[in-house]
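Engineer: Under this note's numbering, the residues of the sequence shown are numbered 6 to 227, in order.
Some clues are possibly wrong.
[Claimed, not checked] Simulated restraints, written as ranges between beta carbons of each label pair:
id: 1; residue 1: Ala177; residue 2: Gly84; range: 17 to 27 Å
id: 2; residue 1: Ala125; residue 2: Ala172; range: 13 to 23 Å
id: 3; residue 1: Gly100; residue 2: Arg224; range: 50 to 60 Å
id: 4; residue 1: Val140; residue 2: Leu198; range: 14 to 24 Å
id: 5; residue 1: Arg70; residue 2: Glu117; range: 37 to 47 Å
id: 6; residue 1: Gly84; residue 2: Arg190; range: 13 to 23 Å
Note that these hints are calculated values from the structure, not bench results. Virtual Cβ for every residue (Gly too), placed ideally from N, Cα, C.
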Amino acid sequence: MTAAIVVPIKAPWRAKQRLGDILTEAERRRLAHAMAADVLAVVSALQGVARYAVSDDPELQALARRAGLEVVIDREGAGQSAAVRQGFQAAAQAGAATLVTIPGDVPAVTGEDLRRLLEAHPEVDVLIAPDRDGVGTNGLRLRSPHAIPLHFGDDSLRQHREEAARAGLRFAVLPLERLACDLDRPEDLAAYLRLRPRTATLALLEALAIEERLAARDRPHA
């Protein structure tokens, strides 16, 4: 196996705090679970690559195993960068040469997106698929698990670009509309509803009447 994809999945009780003004805590947990299920389903259908999930949550670990992914238990609990690093290390030890990661909260992602992330720009060492704002890293491909330090979070695209430059590595950006749509903020929910992928996440958002909630939130108050 020469390529691996790693999916870090945040525990539902820690997920989506910025949606607190539009979703209850219980609803945010349901959303985190639905997103993870959708992402894992797409990754599980990907052929010819090793597939890993990294989580410290037993329920999500079980979900990943049922989807056919190898589970790496997140023993650090220090955020996405640490989780991806643990997954990359496990994949590299198993013989993977090309390492890809996407987060567990991009439920619009498709198999074609993952194939492009794996195969596009074969000449570069560091390939990034940005978020909708063009500042975050929603997809990352490295040719080595230690190619650059990982900086997932605010302004991560710039930081990853600078790390690649410092290491003398070739860098490119690959915009992918569906992979760009993570669900962190109310405006992300609106963007996802415009895409309307047939997913468990969409079914949940429709059941929760999110479109109506967003409209009420944005309606001017007298």
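Engineer: All the hints need checking, so say for each whether the structure fits it.
Structural biologist: Here's how the hints hold up against the structure:
1. Ala177 - Gly84: 17 to 27 Å: holds, 25 Å
2. Ala125 - Ala172: 13 to 23 Å: Distance hint for Ala125, Ala172 holds at roughly 21 Å.
3. Gly100 - Arg224: 50 to 60 Å: Cβ of Gly100 to Cβ of Arg224: about 55 Å, so the range 50 to 60 Å holds.
4. Val140 - Leu198: 14 to 24 Å: holds, 22 Å
5. Arg70 - Glu117: 37 to 47 Å: Since the Cβ atoms of Arg70 and Glu117 sit about 25 Å apart, the hinted range of 37 to 47 Å is violated.
6. Gly84 - Arg190: 13 to 23 Å: holds, 18 Å
Hint compliance for this structure: hint 5 is the single one not met.
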